[in-house]
Amino acid sequence: MSAMVGSGGYAKAAPDNGTMMQSAAEHKGCRTAAKTAQAGCGSRTSQGDLPSEIWEKVKKHPCYSEEAHHHYARMHVAVAPACNIQCNYCNRKYDCANESRPGVVSEKLTPEQAVRKVLVVATAIPQMTVLGIAGPGDALANPAKTFKTFELVAKAAPDIKLCLSTNGLALPDHIDTIVRSRIDHVTITINAIDPEIGAKIYPWIFFSHKRYTGIDAARILTDRQLQGLEMLSERGILCKVNSVMIPHINDQHLVEVNKAVKARGAFLHNIMPLISAPEHGTVFGLNGQRGPSAQELKTLQDACEGKMNMMRHCRQCRADAVGLIGEDRSAEFSTDQIMKMGVKYDLATRKAYQDRVEDERAVSVVALQQELTQFAAETSAIKVLVAVATKGAGLINEHFGHAKEFQVYELSTSGAKFIGHRRVDVYCQDGYGEEDRLSTIIRGIHDCHAVFVAKIGGCPKSNLIKAGIEPVDQYAHEFIEKSTIVWFRSYLDKVKSGDVQHEERGDAAIRQGALISAA
Amino acid sequence: MPFKIIASQCTSCSACEPLCPNVAISEKGGSFVIEATKCTECIGHFDEPQCVAACPVDNTCVIDTSLPRYQAPA
Ligand code: SF4
Ligand code: SF4
Ligand code: SF4
Chain A
0 MSAMVGSGGY
10 AKAAPDNGTM
20 MQSAAEHKGC
30 RTAAKTAQAG
40 CGSRTSQGDL
50 PSEIWEKVKK
60 HPCYSEEAHH
70 HYARMHVAVA
80 PACNIQCNYC
90 NRKYDCANES
100 RPGVVSEKLT
110 PEQAVRKVLV
120 VATAIPQMTV
130 LGIAGPGDAL
140 ANPAKTFKTF
150 ELVAKAAPDI
160 KLCLSTNGLA
170 LPDHIDTIVR
180 SRIDHVTITI
190 NAIDPEIGAK
200 IYPWIFFSHK
210 RYTGIDAARI
220 LTDRQLQGLE
230 MLSERGILCK
240 VNSVMIPHIN
250 DQHLVEVNKA
260 VKARGAFLHN
270 IMPLISAPEH
280 GTVFGLNGQR
290 GPSAQELKTL
300 QDACEGKMNM
310 MRHCRQCRAD
320 AVGLIGEDRS
330 AEFSTDQIMK
340 MGVKYDLATR
350 KAYQDRVEDE
360 RAVSVVALQQ
370 ELTQFAAETS
380 AIKVLVAVAT
390 KGAGLINEHF
400 GHAKEFQVYE
410 LSTSGAKFIG
420 HRRVDVYCQD
430 GYGEEDRLST
440 IIRGIHDCHA
450 VFVAKIGGCP
460 KSNLIKAGIE
470 PVDQYAHEFI
480 EKSTIVWFRS
490 YLDKVKSGDV
500 QHEERGDAAI
510 RQGALISAA
Chain B
0 MPFKIIASQC
10 TSCSACEPLC
20 PNVAISEKGG
30 SFVIEATKCT
40 ECIGHFDEPQ
50 CVAACPVDNT
60 CVIDTSLPRY
70 QAPA
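Protein chains in written order, with numbering that gives the first Met the number 0: chain A, 0 to 518; chain B, 0 to 73.
Just so you know, these hints were derived from the structure itself, not from any lab.
This one's a predicted model, so the numbers in the text were calculated from it and none came from an experiment.
Don't take every hint at face value.
Stated by the list, open to error - No farther apart than 16 Å at their CA atoms in a straight line, the calculated lysine to aspartate or glutamate pairs in the EDC-like style are these: (1) K154/A <-> D345/A; (2) K209/A <-> E40/B; (3) K147/A <-> E111/A; (4) K382/A <-> D506/A; (5) K261/A <-> E229/A; (6) K3/B <-> E40/B; (7) K209/A <-> E47/B; (8) K199/A <-> D215/A; (9) K209/A <-> D46/B.
As the list claims (entries may be wrong) - The calculated label-pair distances, taken between Cβ atoms and stated as ranges, are: (10) R179/A <-> F45/B: 23 to 31 Å; (11) A143/A <-> E34/B: 18 to 26 Å; (12) A153/A <-> G43/B: 39 to 47 Å.
Ideal Cβ positions, reconstructed from N, Cα and C, are used throughout, including at glycine.
Given only the sequences and the hints, what does the whole structure look like? Please build it.
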């Protein structure tokens, strides 16, 4: 069908390399763990010492496994419009088709429409392995629609993993249904465990037929969130906790949150930056509450790391997002479109495709390990950040000019550690020239020493050099970790020989174009 | 004394709909509406009108003062 645009960037063949794949089939050894053991892993990039039954659950989940998010896609369906709390960073009135932000969707779906959408997308994008219900309100404030959708999808597409995001207020009431619905991942947004702090984030909640405000509201919410988390952990359901970092409100406190959720069995903690601007019309947007800078975010994530797995690859995608994380293809799958598109749900084709993806992952793991052995004897205190333009598959395969975001890696003699994304697309294209776009990018990756791209034009190249960021295009279409480590080795050599002077770089700005959902 | 929903403010989030003890709320033309004859202000059921307490937009579920009994006597 002509409406199916699925071939594009997705259908590229995986590298065909049977032998290398054999040796890495187990994905052993964490990429960051070469010298630091498991604590340095960030969110898991490979099995490491994870119990096998957990690895099985997360291995193809783009949100839970940092490595998987380069290879597998997830989708959200917007079947849950109602919410039962109010967050100061969310404006539930606001809806704009140009805006990619969680919590905001342009279309609401019925459970029946949602299932059709899932099948259409699963046909067009065979590596779509995860279906999430995250909003646009709260999944558990709409239990009938949410669980109906999961039930229908489980029947029609049994290989798709189901996940649910919630603010946690209603969570303790639905534990049995969650277990029964075969949901294997739950994300709870917990921004505070101290009601005094919570009261600055949540103006009110609606709970057992009453509206609560202030500290009472925050106390009930916190209790229910932690209780729900405990109950799920007891039942063996994997839980991720999301926290929004709000400078001067909960930034210091999130270290406590991290401890509390870890003690209750959370598998992963994802600290996301507050994104806030007056034009969003949120309380925080209007009262001038700022979001954290890239450095502030990284410092907090580092402080919590070692205590548990941190997730640094979350892109805060919106509730109807479709595609690899970081790439939103939802416009191709509007309700009108999906009703016209054919459904040929075929388990075997999907399985074959996913097997190829597994091979692709294995090859990139081997390539990295070969490079890392070169470092075995070397240690250096120098750490640098680099930005990478990529379309996925773990390759440097995006043009500088087309990149909507960059992946940032921290390079050291212990390896290349993924630390996050920098979105660089400007809030509104109108009225911004090329010059503005370039300076937005430079501000967004200002803390990086180099930017790796598949291709780059002469003009942006010289501007980057002027800003002190080295444009690197000689590793086009090669593996990210391997290439950045090769580059880093030659950088260290140049520092040693005195050719370059190693200097720390400054901070970078986090793009303020999107909002964060309640769940 | 029935409530009404100010359509221009309603986000159609549906939060109020299942909460009404009298099933007075339904979706009509992309927005939610209250059937005036069914609304009892939740009196006898709950301490607070449920639609007001759950609605994310302040002053969207309000007493319908356009009804004759609220008009000043002629
Ligand atoms: S919002 Fe975050 S957790 Fe949800 S799918 Fe997107 S990246 Fe994953
Ligand atoms: S006030 Fe109560 S009875 Fe009236 S519409 Fe709202 S929820 Fe229903
Ligand atoms: S809760 Fe408020 S915004 Fe939501 S549907 Fe009801 S009246 Fe509309």
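Taking the hints in turn, this is what the structure says about them:
no. : hint                         : in the structure
1   : K154/A <-> D345/A            : holds, 14 Å
2   : K209/A <-> E40/B             : holds, 14 Å
3   : K147/A <-> E111/A            : holds, 9 Å
4   : K382/A <-> D506/A            : holds, 15 Å
5   : K261/A <-> E229/A            : holds, 10 Å
6   : K3/B <-> E40/B               : holds, 10 Å
7   : K209/A <-> E47/B             : holds, 7 Å
8   : K199/A <-> D215/A            : holds, 12 Å
9   : K209/A <-> D46/B             : holds, 8 Å
10  : R179/A <-> F45/B: 23 to 31 Å : holds, 30 Å
11  : A143/A <-> E34/B: 18 to 26 Å : holds, 21 Å
12  : A153/A <-> G43/B: 39 to 47 Å : holds, 41 Å
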